[in-house]
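Enquirer: Position chain B against the provided structure of chain A, taking the given hints into account.
Those protein sequence lines, which keep their order, are chains A and B. All residue numbers for the first sequence refer to our numbering, where the first residue is 1 and numbers rise by one. All residue numbers for the second sequence refer to our numbering, where the first residue is 1 and numbers rise by one.
Be aware that one or more of the hints could be misleading.
Said to hold, decoys possible - Computed list of lysine-lysine pairs in DSBU-like fashion (alpha-carbon distance at most 30 Å, straight line):
#, chain 1, residue 1, chain 2, residue 2
1, B, Lys395, A, Lys395
2, A, Lys319, B, Lys92
3, A, Lys296, B, Lys316
4, A, Lys281, B, Lys420
5, A, Lys265, B, Lys217
6, A, Lys426, B, Lys42
7, B, Lys64, B, Lys137
8, B, Lys316, A, Lys395
9, B, Lys7, A, Lys426
10, A, Lys265, B, Lys145
11, A, Lys319, A, Lys295
12, B, Lys443, A, Lys479
13, B, Lys420, A, Lys293
14, B, Lys430, A, Lys281
15, B, Lys443, A, Lys319
16, A, Lys14, A, Lys53
17, B, Lys379, A, Lys344
18, A, Lys344, B, Lys333
19, B, Lys42, B, Lys17
20, A, Lys319, B, Lys316
21, B, Lys333, B, Lys64
22, A, Lys426, B, Lys64
Calculated directly from the structure, the hints in this document are not laboratory data.
Listed below, chain by chain, are the residues.
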Amino acid sequence: MADFADLVLQAVNKNGKVDTLELSELQEVDHQKFVGAVKSLQSLGNIINVEQKQLKRFKLTEEGHSVAENGSHEARVYSNVPPEGITQAEIMKIVPNAKVGFSKAMSAGWIKVDKQADGGPKVFRKVETIEDKVEKCMQQIKKMNLENIADSQIAEFKKRKLVSEEKVTSYIVTKGEDFTLNVSKPEVDLTAEMIASGSWKTKNFKPYNFDALGVPPQGGYLHPLLKVRTQFRQIFLEMGFSEMPTNSFIESSFWNFDALFQPQKHPARDAHDTFFVSDPKSASGFPMEYLEKVKKVHSEGGYGSQGYRCEWGIEEAEKNILRTHLTACSARMLYKLAQQKPFKPAKYFAIDRVFRNETLDSTHLAEFHQIEGLVADRNLTLGDLMGIINEFFQKLGITKLRFKPAFNPYTEPSMEIFSYHEGLQKWVEIGNSGVFRPEMLLPMGLPEDVSVIAWGLSTERPTMIKYKVNNIRDLVGPKVDLQMVYDNPICRLDKH
Amino acid sequence: MPTVAVKRDELFQLLGKTYTDEEFDQLCFDFGVELDEITSEKEQIEREQGKEKASGASDVVEYKIDVPANRYDILCIEGISRGLLVFLEKLKAPRYTTVEPSGEKQRLTILPSTGQVRPHAVAAVLRNITFNQERYKSFIDLQEKLHQNLCRRRSLVAIGTHDLDTLKGPFTYDAKPPADIKFQPLNQTKEFTAPELMELYSKDAHLKQYLPIIQDKPVYPVIYDSNKVILSMPPVINGNHSKITVNTKNVFIECTATDLHKAKTTLDTIVTMFSVYCEKQFTVEAAEVIQPDGTKINYPSLPYRFEEVNVERINKQVGIDITAEQMAKYLTKMCLVTEPLKDGQNLKVEIPPTRADILHGCDIMEDVAIGYGFNNIKKTIPDTNCIANQFPLNKLTDLLRQEIAGAGFTEALTFALCSKDDIAGKLGNKIEDIPAVHIANPKTLEFQVARTTLLPGVLKTVYNNQNMPLPLKLFEISDVVYQDPTKDVGSRNERRLCAIHYNKTSGFEVIHGLLDRVMKLLEIPYDKTNGYYIKASDDSTYFPGRCAEIMVNGQSIGRLGTLHPDVITKFDLNQPCSALDINIEYFL
Numbered sequence: 001m002a003d004f005a006d007l008v009l010q011a012v013n014k015n016g017k018v019d020t021l022e023l024s025e026l027q028e029v030d031h032q033k034f035v036g037a038v039k040s041l042q043s044l045g046n047i048i049n050v051e052q053k054q055l056k057r058f059k060l061t062e063e064g065h066s067v068a069e070n071g072s073h074e075a076r077v078y079s080n081v082p083p084e085g086i087t088q089a090e091i092m093k094i095v096p097n098a099k100v101g102f103s104k105a106m107s108a109g110w111i112k113v114d115k116q117a118d119g120g121p122k123v124f125r126k127v128e129t130i131e132d133k134v135e136k137c138m139q140q141i142k143k144m145n146l147e148n149i150a151d152s153q154i155a156e157f158k159k160r161k162l163v164s165e166e167k168v169t170s171y172i173v174t175k176g177e178d179f180t181l182n183v184s185k186p187e188v189d190l191t192a193e194m195i196a197s198g199s200w201k202t203k204n205f206k207p208y209n210f211d212a213l214g215v216p217p218q219g220g221y222l223h224p225l226l227k228v229r230t231q232f233r234q235i236f237l238e239m240g241f242s243e244m245p246t247n248s249f250i251e252s253s254f255w256n257f258d259a260l261f262q263p264q265k266h267p268a269r270d271a272h273d274t275f276f277v278s279d280p281k282s283a284s285g286f287p288m289e290y291l292e293k294v295k296k297v298h299s300e301g302g303y304g305s306q307g308y309r310c311e312w313g314i315e316e317a318e319k320n321i322l323r324t325h326l327t328a329c330s331a332r333m334l335y336k337l338a339q340q341k342p343f344k345p346a347k348y349f350a351i352d353r354v355f356r357n358e359t360l361d362s363t364h365l366a367e368f369h370q371i372e373g374l375v376a377d378r379n380l381t382l383g384d385l386m387g388i389i390n391e392f393f394q395k396l397g398i399t400k401l402r403f404k405p406a407f408n409p410y411t412e413p414s415m416e417i418f419s420y421h422e423g424l425q426k427w428v429e430i431g432n433s434g435v436f437r438p439e440m441l442l443p444m445g446l447p448e449d450v451s452v453i454a455w456g457l458s459t460e461r462p463t464m465i466k467y468k469v470n471n472i473r474d475l476v477g478p479k480v481d482l483q484m485v486y487d488n489p490i491c492r493l494d495k496h
Numbered sequence: 001m002p003t004v005a006v007k008r009d010e011l012f013q014l015l016g017k018t019y020t021d022e023e024f025d026q027l028c029f030d031f032g033v034e035l036d037e038i039t040s041e042k043e044q045i046e047r048e049q050g051k052e053k054a055s056g057a058s059d060v061v062e063y064k065i066d067v068p069a070n071r072y073d074i075l076c077i078e079g080i081s082r083g084l085l086v087f088l089e090k091l092k093a094p095r096y097t098t099v100e101p102s103g104e105k106q107r108l109t110i111l112p113s114t115g116q117v118r119p120h121a122v123a124a125v126l127r128n129i130t131f132n133q134e135r136y137k138s139f140i141d142l143q144e145k146l147h148q149n150l151c152r153r154r155s156l157v158a159i160g161t162h163d164l165d166t167l168k169g170p171f172t173y174d175a176k177p178p179a180d181i182k183f184q185p186l187n188q189t190k191e192f193t194a195p196e197l198m199e200l201y202s203k204d205a206h207l208k209q210y211l212p213i214i215q216d217k218p219v220y221p222v223i224y225d226s227n228k229v230i231l232s233m234p235p236v237i238n239g240n241h242s243k244i245t246v247n248t249k250n251v252f253i254e255c256t257a258t259d260l261h262k263a264k265t266t267l268d269t270i271v272t273m274f275s276v277y278c279e280k281q282f283t284v285e286a287a288e289v290i291q292p293d294g295t296k297i298n299y300p301s302l303p304y305r306f307e308e309v310n311v312e313r314i315n316k317q318v319g320i321d322i323t324a325e326q327m328a329k330y331l332t333k334m335c336l337v338t339e340p341l342k343d344g345q346n347l348k349v350e351i352p353p354t355r356a357d358i359l360h361g362c363d364i365m366e367d368v369a370i371g372y373g374f375n376n377i378k379k380t381i382p383d384t385n386c387i388a389n390q391f392p393l394n395k396l397t398d399l400l401r402q403e404i405a406g407a408g409f410t411e412a413l414t415f416a417l418c419s420k421d422d423i424a425g426k427l428g429n430k431i432e433d434i435p436a437v438h439i440a441n442p443k444t445l446e447f448q449v450a451r452t453t454l455l456p457g458v459l460k461t462v463y464n465n466q467n468m469p470l471p472l473k474l475f476e477i478s479d480v481v482y483q484d485p486t487k488d489v490g491s492r493n494e495r496r497l498c499a500i501h502y503n504k505t506s507g508f509e510v511i512h513g514l515l516d517r518v519m520k521l522l523e524i525p526y527d528k529t530n531g532y533y534i535k536a537s538d539d540s541t542y543f544p545g546r547c548a549e550i551m552v553n554g555q556s557i558g559r560l561g562t563l564h565p566d567v568i569t570k571f572d573l574n575q576p577c578s579a580l581d582i583n584i585e586y587f588l
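Just chain A, with the same shape it has in the complex (with noise of 0.2 Å):
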């Protein structure tokens, strides 16, 4: 390439102005060569000054550059014709595209037919000599030269697709501003070798392009709800709780529902919202003392209960569900809590899948992340519920807080957390709460002044809140836009 410039600028040089196909023909190098070296001349700054040419050009078609060669071909039928005259046949097949050959040296006049000789038509030469200017032509215009050919020539050639037209672009080429004999590329990197050597002293380089975005990095990305699930693991962590055991997606009624008191005719049970487990259909090994309790405070009350007063089974409480709530984890944690001697005060936490087998829309699957967090100690009043979840949201930067009276099954109080959206200007739930009724924790064991308040909510809604995702299933599962993954800023739930 370099060389090809050079030439460029030596030429210039000499003759103040250059023309690139004329430079090419001259130094019988391919054009493009020349165009290359000019486009990169002018990449360097003002060294040379360019204007672009269109011109038109013919050029020989193969078959023009067989006549050129060769003779055209009502020649070469000439040619081929012996003083004594050949049978048409024959000449047709020993002359290449003697057809076209035998019509044309017959208008010129140079051949004659005996149509009435023996063995059928003869060809006889008219003239004793001819000047094949078809050849001339072509070999002519093989040069680039069109001089003394008419147009209509140019016109009939074209006709015996003998040449084509093509248009060409050159480039003039002049001195411009900065012209020099001794162009040195400017460098776009500085190198090892540049340090090494020092030449990076005496370079110059090309100035970056700050405007143009960097390369992305090769890294993976993590998956923006399990980000806010680790940041919610945080605060947990930082508030003291502990982790609990959430690894088991199948559980038994009994813990998902009869021990939390949550009646067997309850409409939480119906298929209608819960996954029962067909394959394997029934759960055991259940600790009877505590079930029998159970079923007591269901069917008949105690513990200061009036109960359901309906019958309690067994059965119902033995079918496998997909859990719906991880307060079936909290009941088995508390029974396990109950069962140590004397009571410990503990604060868990857990964050896992839920399963309901819900009518599905946008903001709605069938699965989804739970957050719950609670503490069971002596004497817990429902303004440290209050404040402990205060605490918690406060952390995630909510700091407007409002509690309404709600209804659940297994807490008394129970209250739904609403916090002011600023963006929506209104109240918005953001979560439930409430305290384990003592149905639910004096049949564990738990000492009678142990009091367990409880939280909850779903990882899916903050983040979707947070990240502006209208449709659930943008966000999790398969259908999920990877590239949303790889664009997901960190995770700060305080920042908003």
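Expert: Here is chain B on its own, set in the frame of chain A:
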């Protein structure tokens, strides 16, 4: 949570005060219900059926109020206004009483045959009631609300209300073979037999849901009067003969049930709410129900009971410090008429029949807190000191996730439920060979089983992101579920790591490199006896000769390999893909 629609102006008239929407919203919030929506019949029809259909519909403002699922006493405008008036101390909670009629009591005899299908019944009479259009509509609506809610779609309790003046007691609650039951049902012009009715209502959008409750029983419940007029065939339909109208003066109410306690609560709820329109307000005429064993029980039961609660204990539970008198006042505001006892330390709380939700002292404590106002309670922080621990499996998971993302793989989050085909056919396996947990009632194919491998979810993620530049390198660390008879629920979760490389070339070496990296992270050396190595293995999910089992300390923890082209095709993909799938619980 049930939603009750009430006409705003009608409600304000009952409350004797006009509120702004904001004021009313606040009142609801404090009372423990939620003003969910402000709308009108017209607006709702417009939204649901389009503008044309709405022309002529009423544009009277309606409040839609969400009420807690256990508060059956505020499921109608009568109950809501009464509750709010008591809450605002403008009204004393009414006292509901059962009265004996001047003449004979209405009598309902339960025949033993009902034991086969629906054994319980209760009844009562609302005497000299005055309906108008609104009251009548509210009466019907309340029954519907109760049917959906407390009565669990009529399976536990079914309510029938009848114009007593069209009937002649005593009544009989019987159960008969379906073919023997024939009557003109509500709003029909001719008589049908019970089987004909079942056929007729199987196409009825509203009633068909109740048919399965009795469909397959040998006998169907039916209530007759002394002239053999059928009052109802519970829980499906009433007879047309005794249909109540806006002009009905005396209402006979029967509730048939499989749960007697709930039947009583249902009956109590209806009569307490609507006895307000009786000539003698809040009185209900008793009816006698004769049990199959001959015992006679009077209904409604309208139970008032007393609970004693300790003032100091409630103060401590709520986190407030109020006097016995204040506490009594708050409870009275919640329809629980309360008096401080002489000792000054305890309260005597009367639980009226309308408050069936009060099961325990803690329910009374809640009403103190509501009366005081949740948002007036001082927030405190419990001084429960605990050392926090992470669940080790989750800790390991989180640490690995970070590192694998750092190694260039992007995290997927896929569903734990999937179709049988996802874990079987599509991966070249047979469902019978997989110890998967099966779901009994999936609404769609996507929820047939709990996944036993993370691979299908990750491959579906690839399928949905084929527009992204290659290679796609994805991973997921999450739980799969296997049957496990040693566990109480017969199954267990297992935490696994799955990673895939999807590109124009299989990239086996990339996935293999990830395995080496993960082993390095877990401090497992490459060693055939005391470390890890991989050995050729056969697995129909993988391309023959391109699958290896991963051995750690002589134990298999999973596989890696290039996926079988059939697997790739079955997930509608078209590029080679290599995968790693291991159990990480081994490394705990």
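Enquirer: Would you mind marking each hint as holding or not holding in the structure?
Expert: Hint check results:
1. B:Lys395 <-> A:Lys395: holds, 21 Å
2. A:Lys319 <-> B:Lys92: At roughly 47 Å apart (the allowed maximum being 30 Å), B:Lys92 and A:Lys319 break the hint.
3. A:Lys296 <-> B:Lys316: holds, 28 Å
4. A:Lys281 <-> B:Lys420: At roughly 17 Å apart (the allowed maximum being 30 Å), B:Lys420 and A:Lys281 satisfy the hint.
5. A:Lys265 <-> B:Lys217: With Cα atoms ~20 Å apart, A:Lys265 and B:Lys217 stay inside 30 Å; holds.
6. A:Lys426 <-> B:Lys42: Between A:Lys426 and B:Lys42 the Cα gap is close to 25 Å, so the pair holds against 30 Å.
7. B:Lys64 <-> B:Lys137: Status holds; Cα separation ~16 Å.
8. B:Lys316 <-> A:Lys395: holds, 27 Å
9. B:Lys7 <-> A:Lys426: holds, 24 Å
10. A:Lys265 <-> B:Lys145: It holds: about 17 Å lies between the C-alpha atoms, which stays within 30 Å.
11. A:Lys319 <-> A:Lys295: This hinted pair holds, its Cα atoms lying about 15 Å apart.
12. B:Lys443 <-> A:Lys479: holds, 20 Å
13. B:Lys420 <-> A:Lys293: Outside the cut-off at roughly 39 Å; violated.
14. B:Lys430 <-> A:Lys281: holds, 21 Å
15. B:Lys443 <-> A:Lys319: holds, 19 Å
16. A:Lys14 <-> A:Lys53: holds, 21 Å
17. B:Lys379 <-> A:Lys344: OK: B:Lys379 and A:Lys344 at ~24 Å, within 30 Å.
18. A:Lys344 <-> B:Lys333: violated, 38 Å
19. B:Lys42 <-> B:Lys17: holds, 25 Å
20. A:Lys319 <-> B:Lys316: violated, 39 Å
21. B:Lys333 <-> B:Lys64: Holds. B:Lys333 to B:Lys64 sits at ~23 Å (cutoff 30 Å).
22. A:Lys426 <-> B:Lys64: holds, 18 Å
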